[in-house]
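**Q** Next come the chains, spelled out residue by residue.
2 protein chains.
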Amino acid sequence: MRVDNKHSALITFGENLRNFRKEIGLSQEELALQADLDRAYVGGLERGERNPTIMSLLRIAKPLEVTVSELLEGVK
Amino acid sequence: MRVDNKHSALITFGENLRNFRKEIGLSQEELALQADLDRAYVGGLERGERNPTIMSLLRIAKPLEVTVSELLEGVK
Chain A
1283 MRVDNKHSAL ITFGENLRNF RKEIGLSQEE LALQADLDRA YVGGLERGER NPTIMSLLRI
1343 AKPLEVTVSE LLEGVK
Chain B
1283 MRVDNKHSAL ITFGENLRNF RKEIGLSQEE LALQADLDRA YVGGLERGER NPTIMSLLRI
1343 AKPLEVTVSE LLEGVK
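Here the protein sequences line up with chains A and B, keeping their order.
Residue numbering for the first sequence is 1283 to 1358, as defined by the numbering used here.
Residue numbering for the second sequence is 1283 to 1358, as defined by the numbering used here.
Extracted from the complex, chain A is given alone in its bound form:
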């Protein structure tokens, strides 16, 4: 689901995602491949333009070696 007016919660989540991805040294392409997601979708997540479900969050968290709970730290 595309989010028109970016919501601060989704922006915070996108920043967490980008930080964890950089920490583990993956490119967006590599993360997308490992999470079996579209590269453009990963880019949209990091920009706070997407509103993922728990199951999508699980697919992203695994290659980053973090928990879904950690991915959503500070999201409010």
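In case anyone wonders, no lab produced these hints; they're calculated from the structure.
One thing to keep in mind: the hints can contain errors.
Pairs count within a copy or across copies, as identical chains cannot be separated in the list.
The list that follows gives simulated cross-link-like pairs (lysine-lysine, DSSO-like), each with its CA atoms no further than 27 angstroms apart [what the hints assert, rightly or not]:
{"hint": "1", "residue 1": "1344", "residue 2": "1358"}
{"hint": "2", "residue 1": "1304", "residue 2": "1358"}
{"hint": "3", "residue 1": "1344", "residue 2": "1304"}
Let chain A serve as the given structure and place chain B on it in line with the hints.
**A** Relative to the frame of chain A, chain B by itself:
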């Protein structure tokens, strides 16, 4: 999105939700009203039959006075 084969992650989330709701003493109806969600949807979430987005999680977390991150504790 309805989930046919219940996923352990969604079941864990549903249990967290039920525990937090009971801890704060809200019925499913009261939580649904405060979160502006359908009562049957809240029931489905607690049974692990739904796959909510971050924005839905935010709407649920507020009346429970917990963070989205706490709602997803142990979800893997």
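**Q** List in ascending order the numbers of the hints, as given earlier, that are violated by the structure.
**A** none
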